[in-house]
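Trainee: Listed here are the chains, written in short residue letters.
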Amino acid sequence: MSRFLQWWDRRLGWRNVIQAVGGLRIPDDCPWRKAWTSALVFLFFIQVFTGFCLWLVYSPNVRAAWESIFYLDHDIPGGRLVHAIHYFTSDVLILLLVGHLAQLIWFRLCRPPRELPFWLAGGLLILTLGAAATGHLLPWDQHGFWSTKIRLEIMGGVPGVGTVIKRLQAGGTEMGQYTLTRFMALHAGLLPAFLLLGWVLLARAYYQLDPRQEPPPSTSPGPAATHGNRLLLHGVAWLVAMAVVFAWMRCFNLSDDAASPWQTPMSAPADPGQPYSGARPEWYFLFLFQLLQFFKGENQVWGSLIIPGLVGVLIFLMPWTAASRIGHRWNQAFILALLVGWAALTLTAVYNDARDPHLQNSQTLADEEYRRAVELARAPAGIPVQGVRHLLDEDPKTQGPKLFADHCASCHRYGGTDARGNTPSDPPAAPDLKGFATPAWLAGLLDPDRIATPEYFGNTAHVDGKMAKFVQEDVARFDAEKQAALRQTLLAIALHAGLANRTFDTPTARETAIQNGEHHLVQTLGCVDCHEFQIEDSEASAPKLTRYGSRDWIIQMISDPEHPKFYGERNDGMPRFGVEGILTPKQIALLAEWLRGEWYRP
Amino acid sequence: MGAGAAAVAAPLAAGMRMVLHPLWEGGGEARMIRIAPLNALPSDGKPRRFPVIADRQDAWNHYRESTIGQVFLRRTAPREVHAFQVICPHAGCHIEYDPEKTLYICPCHASTFGLDGSIEDPASPSRRPMDSLGVEIRNGAIWVRFQKFQVGVPNKVAV
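These protein sequence lines are chains A and B, in that order. Residue 808 in our numbering sits at position 304 of the first sequence, and the numbers go up by one each step. Residue 144 in our numbering sits at position 140 of the second sequence, and the numbers go up by one each step.
Hints listed in this document are in silico derivations from the structure and should not be mistaken for laboratory results. In this text, all values refer to a predicted model and were calculated from it rather than measured experimentally. All residues carry an ideal CB built from backbone N, CA and C; glycine is no exception. Treat the hints loosely; a few may be bogus.
To be verified - Rough simulated footprint, nothing fancy, chain B against chain A, three-plus residues with beta-carbon under 8 Å:
(1) 670-684
(2) 921-930
(3) 1083-1093
As the list claims (entries may be wrong) - Take a look, some chain B residues computed to stay more than 10 Å from chain A by CB distance:
(4) R21
(5) L107
(6) G138
Unchecked claim - Only pairs whose alpha carbons sit at most 30 Å apart, straight line, appear in this in silico DSS-like list of lysine-lysine:
(7) K105/B x K800/A
(8) K973/A x K1048/A
(9) K1069/A x K1048/A
(10) K986/A x K938/A
(11) K938/A x K901/A
(12) K970/A x K1048/A
(13) K1090/A x K50/B
(14) K160/B x K938/A
(15) K938/A x K105/B
(16) K1090/A x K906/A
(17) K938/A x K906/A
(18) K800/A x K160/B
(19) K800/A x K901/A
(20) K986/A x K973/A
(21) K970/A x K1069/A
(22) K1090/A x K160/B
(23) K938/A x K973/A
(24) K1090/A x K986/A
(25) K50/B x K105/B
(26) K986/A x K1048/A
(27) K901/A x K50/B
(28) K105/B x K1090/A
(29) K906/A x K1048/A
(30) K1090/A x K1069/A
(31) K938/A x K800/A
(32) K1090/A x K901/A
(33) K938/A x K152/B
(34) K50/B x K160/B
(35) K986/A x K50/B
(36) K152/B x K105/B
(37) K1048/A x K1090/A
(38) K1069/A x K906/A
(39) K160/B x K1048/A
(40) K938/A x K1048/A
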């Protein structure tokens, strides 16, 4: 063995190389501070290794990034755990680096000639934050996209250099494909290279400081560590670091799947055209977000630039302020105040957000969209080349509520809300459409006590119309036999529309139910006095009942409520969404399918 | 030394040109875009948000009729419409309209704006009012001069 090593050493001089970067020696007489530094280097290499593994799968393309991460999390053996380790280790790495810097200040270990390692550690923290921030964009999900966009916008507002910084990062005036490739090149290329260089320089600087290179300080003679217990110290440090990563992962675990508990937080694929108000920076940048809140108008530059910059300069100068006793006390007080301030600002932001119902609602909607994206991506049809965002764009369950909230909810309601969790302050001016054309919805419409409520015709012109009169005067006096006929009619209408979830023993029984209902509709109840049903009727004055509630019926109704087959000139203010080009045919079809509950279910 | 410098000049210059190309990229031109028919906008003076749909080029991808942004439209007279960019001039989040307070509110840093886009509350963090956009009514349809502006600065600067 030793001959083998010697063979290499004679040709490469590797012993000198290892010695040149200090091997694993950390000049500190305090074992736990040594272990801390060792754990930091260890976690950096964990990031390099897991990052390389992720690189094997990841595709930096706006229509494939989210999808490749989805594939990684769901289909690559071990992918989910590697992803989670990479994601959560970056948190622990940042915390440990902050802790390392705080120790150097607190224990006065930053005085010359230790100023260089101190600055190197500070530089490593900045680079690590940069690596984390660039990494957050790579999945190209809503959260990563919008928090990055807002960060770039704030940088763009810095006087003078703002636009240059913003454009160089975004790769143009707008965030898009180039942003993703640039962030990937930074995250997996430039930043790791600088980080590696930083760690090597730090190791070399610490080696140079090793007390065994100098006469031992008289104050702490301590026994020289032997090779064996040095290795033990490192091993224990690495084990503890990994345990902390796993504990951190458990702590922020979001998985509801017991079989694979390690899940990295994700949101739905990014949509640059869709506002996402749930965007917040990563937890370690939340303090900046909160700090910005305190500076209004033109003072904003204090929060975004001047105060963080001043803090940076003061920390940079600490090796010299630490020279005097009073200066060292000042450093200690400053770093303590900084850590307390950071914690206080972060907690304030978390507390405020937890009490903000608006933010909670938009995050709930974002979570729902993510779950839907996963459902669609897992569907047997698979992921098309246009990506999962395309599936969401074509999905009635996703698009229906947005279209309804934007175009319908100023008059209609959906279960009392705008279908997106908000209750409009104005009273509804048109019926509540949740469950439209189902037997229960129709029974409500035909209920003398309910037709004139805001849930149906209450706030419309139809409250004085023939239908309301029929329900309130005629239906109210129906005997048991006629009431049964009415129920059968409503069931037949819903069955025809495919909206009754009643099961029948045989197809014949179903046919009989439909025929009975239709018979009553025409013969017993007199609906055809006003409504057209199956037979062409130019005299009809109310919406046709032929295929009432079917996809085509709803599409026609939304497209042109003033059509003679629908409300004609009795239309009460509903826009002709199709005829006037307010909505596209595709949007109208999505709305119709959503109202009917027609969407992919796993 | 000179020879070495000459040797790296071409790849270095070309490489830097590539890295820095976004700095020379054009942008900021306004585009006239049809937003919606005039009667899609309620006459009660309440703002409504509309998507701005146009072709979009992103690196090598051309997206036909994709949503490139959003605008608030508000009718101030039967044939007069005001348009605002939804992007908050403070930090670039999307502003929302709160019908109960009849104010525009940004969910990120609580910037608030009046119905005319002005800053009413002195505590509002934005440095300028909401960005208004030019509007034309053509054949019963609302057209907007769509543009995006640098956020966080006191003046409207197109990006």
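Trainee: Run every hint past the structure and note whether it holds.
Mentor: Verification of the supplied hints:
1. Only residues whose beta carbon comes within less than 8 Å of a beta carbon in chain B count, and the segment 670-684 of chain A has 10; three or more means the coverage holds.
2. As drawn, the segment 921-930 of chain A meets chain B at 3 residues by the rule of a beta-carbon pair under 8 Å; at three or more, the given contact holds.
3. Given as covered by chain B, the segment 1083-1093 of chain A passes the check, having 3 residues with a CB less than 8 Å from a CB of that chain where 3 are the minimum.
4. Chain A leaves R21/B outside its interface by the beta-carbon criterion, the shortest separation being 13 Å against a cut-off of 10 Å.
5. Non-interface call for L107/B relative to chain A: holds, since the shortest CB-CB distance, roughly 13 Å, exceeds 10 Å.
6. G138/B, annotated as away from the interface, keeps every beta carbon of chain A farther than 10 Å; the closest lies near 20 Å.
7. Pair hint K105/B plus K800/A holds up; C-alpha atoms about 21 Å apart against a cutoff of 30 Å.
8. Annotation: proposed proximity of K973/A to K1048/A holds, straight-line Cα distance about 18 Å (limit 30 Å).
9. Among the hinted pairs, K1069/A with K1048/A is consistent with the structure: their alpha-carbon atoms are about 6 Å apart, no more than 30 Å.
10. Restraint check for K986/A and K938/A: the C-alpha separation of about 27 Å stays at or below 30 Å, so the hint holds.
11. Straight-line distance between C-alpha atoms of K938/A and K901/A comes to about 13 Å, which keeps the hinted pair within the 30 Å bound.
12. Under the criterion of a C-alpha separation no larger than 30 Å, the hint pairing K970/A with K1048/A is consistent with the structure, at around 15 Å.
13. Restraint check: the Cα-Cα separation between K1090/A and K50/B comes to about 27 Å, which is no more than 30 Å; the hinted pair holds.
14. Between K160/B and K938/A, the direct Cα distance comes to roughly 44 Å. Violation of the 30 Å bound is thereby established for this hinted pair.
15. Restraint check for K938/A and K105/B: satisfied, since their Cα atoms lie roughly 28 Å apart, inside the 30 Å limit.
16. Proposed proximity of K1090/A and K906/A is supported: the alpha carbons are some 14 Å apart, at most 30 Å.
17. In summary, the hint linking K938/A to K906/A is supported, as the alpha carbons are separated by about 15 Å, within the 30 Å threshold.
18. A hinted pair counts as satisfied when its Cα atoms are at most 30 Å apart, and K800/A with K160/B qualifies at roughly 18 Å.
19. Simply put, K800/A and K901/A have alpha-carbon atoms about 40 Å apart, too far for the 30 Å limit, and the pair is violated.
20. At most 30 Å may separate the alpha-carbon atoms for a hinted pair to count; K986/A and K973/A meet this at roughly 17 Å.
21. Straight-line distance between C-alpha atoms of K970/A and K1069/A comes to about 16 Å, which keeps the hinted pair within the 30 Å bound.
22. A threshold of 30 Å between alpha carbons decides the hint, and for K1090/A with K160/B the separation of about 36 Å lies outside it, so the pair is violated.
23. Annotation: proposed proximity of K938/A to K973/A holds, straight-line Cα distance about 24 Å (limit 30 Å).
24. As the CA atoms of K1090/A and K986/A are separated by approximately 41 Å, the hinted pair breaks the 30 Å bound.
25. At roughly 12 Å between alpha-carbon atoms, K50/B and K105/B fall within 30 Å of each other, so this suggested pair holds.
26. Between the alpha carbons of K986/A and K1048/A the distance comes to roughly 22 Å, so the proposed pair stays at or under 30 Å and holds.
27. Taking the CA atoms of K901/A and K50/B, the gap is about 28 Å. The hint holds against a cut of 30 Å.
28. About 34 Å separates the Cα atoms of K105/B and K1090/A, which puts this hinted pair outside 30 Å; it is violated.
29. The hinted pair formed by K906/A and K1048/A meets the criterion: a straight-line CA distance of about 28 Å does not exceed 30 Å.
30. As the CA atoms of K1090/A and K1069/A are separated by approximately 22 Å, the hinted pair is consistent with the 30 Å bound.
31. Taken as a hint, the K938/A and K800/A pair is broken in the structure, with Cα atoms around 43 Å apart against an allowance of 30 Å.
32. Our distance criterion of 30 Å between C-alpha atoms is met by K1090/A and K901/A, whose separation comes to about 14 Å.
33. Taking the CA atoms of K938/A and K152/B, the gap is near 38 Å; set against the 30 Å cutoff, the hint is violated.
34. This hinted pair checks out: K50/B and K160/B have alpha carbons roughly 25 Å apart, not beyond 30 Å.
35. As the CA atoms of K986/A and K50/B are separated by approximately 46 Å, the hinted pair breaks the 30 Å bound.
36. Only pairs whose Cα atoms come within 30 Å are accepted, and K152/B paired with K105/B is accepted, the gap being roughly 27 Å.
37. Note on K1048/A and K1090/A: the hinted pairing holds, with a Cα-Cα distance of about 23 Å set against a maximum of 30 Å.
38. With a CA separation close to 28 Å, the supplied pair K1069/A and K906/A stays within the 30 Å bound.
39. Between K160/B and K1048/A the alpha-carbon distance is near 53 Å, which puts this suggested pair outside the 30 Å criterion.
40. The hinted pair formed by K938/A and K1048/A meets the criterion: a straight-line CA distance of about 20 Å does not exceed 30 Å.
In summary, the structure is inconsistent with hints 14, 19, 22, 24, 28, 31, 33, 35 and 39 from the numbered list given earlier, while agreeing with the others.
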